[in-house]
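Position chains D and L against the provided structure of chain Z, taking the given hints into account.
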Amino acid sequence: MTTELTMAKALNLALRTAMEADNKVILFGEDIGKLGGVFRVTDGLHKDFGEHRVIDSPLAESGIVGTAIGLAMRGYRPVLEIQFDGFVFPGFDQIISQLAKVHRRTHGSVKLPITIRIPYGGGIGAVEHHSESPEAFFAHIPGLRVLTPSDPQSAYSCLLSAIRSDDPVIFFEPKRRYWDKGVVDQTQAIAAPWQARILRAGSDVSVVAYGPMVKTALQAADASEYSLEIIDLQSLSPIDDKSIAESVARTGRLVIVHEAPGTLGLGAEIAARIGKSCFYNLVAPIERVTGYDIPYPPSKLEEYYLPDHDRILFAVDSVMEA
Amino acid sequence: MTTAPASPNLQNSAVQLLTPEGELASHETYSLTLTDAEYKLLYREMVFVRRLDQEATALQRQGQLGLWASSLGQEAAQVGSAFALEKNDFAFPTYRDHGVAWMRGVDPMKIMQVYRGVSNGGWDPFEHRCNTYTIVIGNQVLNGVGYAMGLTLDQSEDAVITYFGDGATAQGDVHEGFVFATTFDAPVVFFCQNNQWAISQPSEKFVKSPIYKRADGFGFPGVLVDGNDILAVIAVTRAALERARSGAGPTLIEAFTYRMAAHTTSDDPTRYRHENDLQNWKLKDPIERLKVMLARNGIADRSFFDAVGAEADTWGETLRASVRSMPEPPPESIFDHVYTEKHAVLDGQRAAFIDYHEGFADSGVH
Amino acid sequence: MAIEIFHLPDAGEGLTEAEIVRWLVEPGDSVLVNQMVVEIETAKAIVELPIPWAGVVCAIHEDIGSVVPVGAQIISIEVGAQPQREPVLVGYGVKEDALVTRRPRRESTQRVQPVLAGVTAKPIVRKLAKDNAIDLSTVVGTGRNGEVTREDVNAAIGGDASAPRGSQDQLGERIPVRGVQRMMAEAMVASAFTAPHVTEWVDVDMSRTLEVVERMRVANSGRITPFVVVAAALIRAAQKYPRINSSWVDTTEGADVVIHPHVNLGFAADTPAGLLVPVVRNASAANFLALSAGITEQMEKARSGAATPTDLTGGTITLTNIGVFGVDGGTPIIAPGQASILAMGRIMNRPWVVNDAIVIRPIMQLTLSFDHRIIDGALGSRALASVATYLADPALEELVLKN
Numbered sequence: 000m001t002t003e004l005t006m007a008k009a010l011n012l013a014l015r016t017a018m019e020a021d022n023k024v025i026l027f028g029e030d031i032g033k034l035g036g037v038f039r040v041t042d043g044l045h046k047d048f049g050e051h052r053v054i055d056s057p058l059a060e061s062g063i064v065g066t067a068i069g070l071a072m073r074g075y076r077p078v079l080e081i082q083f084d085g086f087v088f089p090g091f092d093q094i095i096s097q098l099a100k101v102h103r104r105t106h107g108s109v110k111l112p113i114t115i116r117i118p119y120g121g122g123i124g125a126v127e128h129h130s131e132s133p134e135a136f137f138a139h140i141p142g143l144r145v146l147t148p149s150d151p152q153s154a155y156s157c158l159l160s161a162i163r164s165d166d167p168v169i170f171f172e173p174k175r176r177y178w179d180k181g182v183v184d185q186t187q188a189i190a191a192p193w194q195a196r197i198l199r200a201g202s203d204v205s206v207v208a209y210g211p212m213v214k215t216a217l218q219a220a221d222a223s224e225y226s227l228e229i230i231d232l233q234s235l236s237p238i239d240d241k242s243i244a245e246s247v248a249r250t251g252r253l254v255i256v257h258e259a260p261g262t263l264g265l266g267a268e269i270a271a272r273i274g275k276s277c278f279y280n281l282v283a284p285i286e287r288v289t290g291y292d293i294p295y296p297p298s299k300l301e302e303y304y305l306p307d308h309d310r311i312l313f314a315v316d317s318v319m320e321a
Numbered sequence: 000m001t002t003a004p005a006s007p008n009l010q011n012s013a014v015q016l017l018t019p020e021g022e023l024a025s026h027e028t029y030s031l032t033l034t035d036a037e038y039k040l041l042y043r044e045m046v047f048v049r050r051l052d053q054e055a056t057a058l059q060r061q062g063q064l065g066l067w068a069s070s071l072g073q074e075a076a077q078v079g080s081a082f083a084l085e086k087n088d089f090a091f092p093t094y095r096d097h098g099v100a101w102m103r104g105v106d107p108m109k110i111m112q113v114y115r116g117v118s119n120g121g122w123d124p125f126e127h128r129c130n131t132y133t134i135v136i137g138n139q140v141l142n143g144v145g146y147a148m149g150l151t152l153d154q155s156e157d158a159v160i161t162y163f164g165d166g167a168t169a170q171g172d173v174h175e176g177f178v179f180a181t182t183f184d185a186p187v188v189f190f191c192q193n194n195q196w197a198i199s200q201p202s203e204k205f206v207k208s209p210i211y212k213r214a215d216g217f218g219f220p221g222v223l224v225d226g227n228d229i230l231a232v233i234a235v236t237r238a239a240l241e242r243a244r245s246g247a248g249p250t251l252i253e254a255f256t257y258r259m260a261a262h263t264t265s266d267d268p269t270r271y272r273h274e275n276d277l278q279n280w281k282l283k284d285p286i287e288r289l290k291v292m293l294a295r296n297g298i299a300d301r302s303f304f305d306a307v308g309a310e311a312d313t314w315g316e317t318l319r320a321s322v323r324s325m326p327e328p329p330p331e332s333i334f335d336h337v338y339t340e341k342h343a344v345l346d347g348q349r350a351a352f353i354d355y356h357e358g359f360a361d362s363g364v365h
Numbered sequence: 000m001a002i003e004i005f006h007l008p009d010a011g012e013g014l015t016e017a018e019i020v021r022w023l024v025e026p027g028d029s030v031l032v033n034q035m036v037v038e039i040e041t042a043k044a045i046v047e048l049p050i051p052w053a054g055v056v057c058a059i060h061e062d063i064g065s066v067v068p069v070g071a072q073i074i075s076i077e078v079g080a081q082p083q084r085e086p087v088l089v090g091y092g093v094k095e096d097a098l099v100t101r102r103p104r105r106e107s108t109q110r111v112q113p114v115l116a117g118v119t120a121k122p123i124v125r126k127l128a129k130d131n132a133i134d135l136s137t138v139v140g141t142g143r144n145g146e147v148t149r150e151d152v153n154a155a156i157g158g159d160a161s162a163p164r165g166s167q168d169q170l171g172e173r174i175p176v177r178g179v180q181r182m183m184a185e186a187m188v189a190s191a192f193t194a195p196h197v198t199e200w201v202d203v204d205m206s207r208t209l210e211v212v213e214r215m216r217v218a219n220s221g222r223i224t225p226f227v228v229v230a231a232a233l234i235r236a237a238q239k240y241p242r243i244n245s246s247w248v249d250t251t252e253g254a255d256v257v258i259h260p261h262v263n264l265g266f267a268a269d270t271p272a273g274l275l276v277p278v279v280r281n282a283s284a285a286n287f288l289a290l291s292a293g294i295t296e297q298m299e300k301a302r303s304g305a306a307t308p309t310d311l312t313g314g315t316i317t318l319t320n321i322g323v324f325g326v327d328g329g330t331p332i333i334a335p336g337q338a339s340i341l342a343m344g345r346i347m348n349r350p351w352v353v354n355d356a357i358v359i360r361p362i363m364q365l366t367l368s369f370d371h372r373i374i375d376g377a378l379g380s381r382a383l384a385s386v387a388t389y390l391a392d393p394a395l396e397e398l399v400l401k402n
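Chains as they are written, first to last, in numbering that gives the first Met the number 0: chain Z, 0 to 321; chain D, 0 to 365; chain L, 0 to 402.
Hints were generated in silico from the structure; no laboratory data involved. Where a beta carbon is used, it is the ideal one built from N, C-alpha and C, also for glycine. There may be inaccurate statements among the hints.
Restraint-style ranges between C-beta atoms, simulated for each label pair [claimed, not checked]:
| hint | chain 1 | residue 1 | chain 2 | residue 2 | range |
| --- | --- | --- | --- | --- | --- |
| 1 | L | Ala71 | D | Lys281 | 17 to 27 Å |
| 2 | L | Asp62 | Z | Val182 | 17 to 27 Å |
| 3 | L | Glu185 | Z | Glu320 | 18 to 28 Å |
| 4 | L | Val32 | D | Pro328 | 31 to 41 Å |
| 5 | D | Asn279 | Z | Trp193 | 49 to 59 Å |
| 6 | D | Gly358 | L | Glu299 | 46 to 56 Å |
| 7 | L | Asp130 | Z | Thr2 | 49 to 59 Å |
| 8 | D | Trp314 | L | Glu18 | 39 to 49 Å |
| 9 | D | Met108 | L | Pro49 | 39 to 49 Å |
Excised from the complex, chain Z in its bound form (with noise of 0.2 Å):
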């Protein structure tokens, strides 16, 4: 079935039919229930499933992640919502010491299929700790899966995916997006989750993004006078080198680009893997469009910070006139 919806409303028909297929899963959040989220993702879920099963928790977010992962541990299938990027630290503790490794630690007998929904990025014009972009950190430890949709049909497919997946997975929802329209088609739930896809082709230069960036990528590649070959990321961890691999192959050039810090951030690992596997088929110096490293600034400055098509452009000429 194909049907044009939000992003908001793809990610609330994908948790629909998580729940629908198995009654085990569980969603877990503060104001997710009545409410129907603080973006309106889970609404309509509270009625039709019951308190039991959309949970309003207390106001705690490692309360949050520690109880689920018992809760895990008890045989259910928690997805959690996190209600910003920002608040996501008070249960970090719990992500890296216990979700990340519960699996490795039990030599494979305890699973936690945790699903962890949260919303990230900028570009809504928020006040103070609700723009970040701290995929890094997650992507950063191992035992984690990492996943970041960019459209509606990717969020709905991810969003499955990471449900049905046995591990830990942090979702990041890209916020600013959540309002985007676009066709969802429901039988491509179990498109491949783990690989980045290539959204648009082209021959001069490989631009990598993810989540809220792709949609800025098509936007460069609208603008642009050259040839550039989209690829969304889609999979933070595991990263799909391969399709990137594939790709540099033939431009020759990658621009990455996204809205976190650009030290340590996901543009590094890409740069420092490609550098490594595409060394003789580059022509360029890899280039990365980020955010600055600094703190994400006040809403009003905030188009200072987020990269945007004319920063992706400029990046492209460098690797044209290298």
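Using the frame of chain Z, we list chains D and L on its own:
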């Protein structure tokens, strides 16, 4: 929508010196004597704080602010507790405590800077002995306790008051704050405004035993006060500050009040709470009861109330105009104050940033 | 900001009504001029209707399924309105991306990565050099900021080492064209199909030249050949007709003809590595003996594979000796960036007419190809004739001895 649980009634044990009907009451432990001038001052301050809130809400609707976290209904809790502070005491507010910032002398325009998105802080904490707003729930409780621990080390007679809401009492930081404060007998007053709501969650869902009673478990006193009764709030806060200064350690004050507006301007409370609640609490309005008391006791008359109202009107106009014309900082200021010392990497990024922006054909025309 | 009301138009052929099938927009959506906003069904077909204004949809007046008469109001647009920013719980909300175009940049100064010490070259170029035992530090870089390019390395290799091995398939032997060979092929194509070539030829009685060559060889130890004399004659012609020693350069205003101040004489040399064109720089300043020595030196370098990129580039005019292969003339292709090329054929005894009598003389054909954009027929002819005259003229000895 199912019926939301009715908000709990104020317990009889709550300290109250001014009833919702404007009657003065007595309490076995707490009392308060103020001059006429002080009573009138309190009235005026609450009116202005409410006006600030109304103007800010209107400005948000007009797109002049990104959002506003309303303090409507909580004026007595905030103005009263802050009124009790000495000049050198230090306050650690949340993000809704505009009455506290106001009483500490913070220019409301600085608060507007935060909600307009021009600054993440707004003011210098040391200028007003009031920390900048903390948005991450509960962080400021630990910070406040730490400051208080510093006061002890300095053998100072100053005290700290740290604010948080009912929802925050679920966060680990708050509990840890209690533990540290009691361990070190920190001169801190924990001021919890139980406004009954944590966005969409009513407090009684997660608060199975009154918040003020938790203090017992940690080994320090807790007191419940009618948060809409400014006189009781002042009395209770003064006592707690005294206790802190004497070296006896922390106190937990639970100010029972109500969040009359939404969580923030774009929240829709009709999704989770009932209109009836609001009507009940309107009858307990903090400003109204003080007004009635002042009039009934001949402390202030109609002309005073009108004058304050007119003053607030004029002030409101100035505020509106100032917000609309608020200047924006230069773009390269995003690189300022990340560190105290020179930082080569950041300097390089700033230079590249300026270079990049000057490279636009229309730069300098913008 | 005005509100425009859109009425159901006559979709064609006198239709009086239509059914609303589907709205393609909602209140609050921004719309562009001619954007399709609704699908209607008439008696004849389903059509999409475009809106004639840009703005924001403020109201939709007819539901799906309604049958609406032509002229009825169906949608209102707030014209000229900026798309509203819908606030969220924690801020202003998303700023809708307007039509995304690139904000123009000033003419950029070179944005070059700061160059660290040492030779700069791309990794793949370094590998090429290493695989061919070329020391990068000996290669002159012609890339930006002295970067050693693939072409520079290929030139250093000289072509033979990089000559790829052939392979066999059902079509026959397949020899890949790579590196220098490929580069040269591309250059040739560029020249041949950009510059309109005109080729003229003239036969010259070389007896005087050969006498001079003989006398000079006896008098000097250097290798003096007819080739050197022809080179001297060509240089002389270039000094007299500078346009044959120029370049056509396309500019934003059209084109310039750049007349070179010196003659850098390139001459085709057949080497074990294939055809190379070493250059004697500033040949116009050399006296005859120096010219001869220069030619000899460059020929040696080219043949031994020691020629550097400086030796192989920068020519302003070219001389090619096809006579060594036993042919007389042809249609030589001008070297890219140059204005003319002179070919000399074999010197062969032929019947010649002197004072109305048939005599035997050593005759050589000279062929001049020139770029007709730069050099017109008259000039080209005169230039060629002047070379021929120098070679045949009794004043030659004076020319030669003076130099």
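Quick rundown of the hints versus the structure:
As the Cβ distance of Ala71/L to Lys281/D is approximately 47 Å, the hint placing it in 17 to 27 Å is violated. Range check, Asp62/L to Val182/Z: Cβ separation about 24 Å, and the 17 to 27 Å hint holds. Distance hint check for Glu185/L and Glu320/Z: the Cβ-Cβ separation is about 21 Å, which falls inside the suggested range of 18 to 28 Å. For the hinted restraint 31 to 41 Å between Val32/L and Pro328/D, the CB-CB distance of approximately 37 Å keeps it satisfied.
Between Asn279/D and Trp193/Z the Cβ separation comes to about 54 Å, which falls inside the hinted range of 49 to 59 Å. Restraint check, Gly358/D to Glu299/L: a C-beta distance of roughly 51 Å satisfies the suggested window 46 to 56 Å. In this structure the supplied range 49 to 59 Å holds for Asp130/L paired with Thr2/Z, their Cβ-Cβ distance being about 57 Å. Remark: the range hint 39 to 49 Å for Trp314/D to Glu18/L is contradicted by a beta-carbon distance near 58 Å.
Checked against the hint of 39 to 49 Å, the C-beta distance between Met108/D and Pro49/L comes to roughly 48 Å, which is consistent with it.
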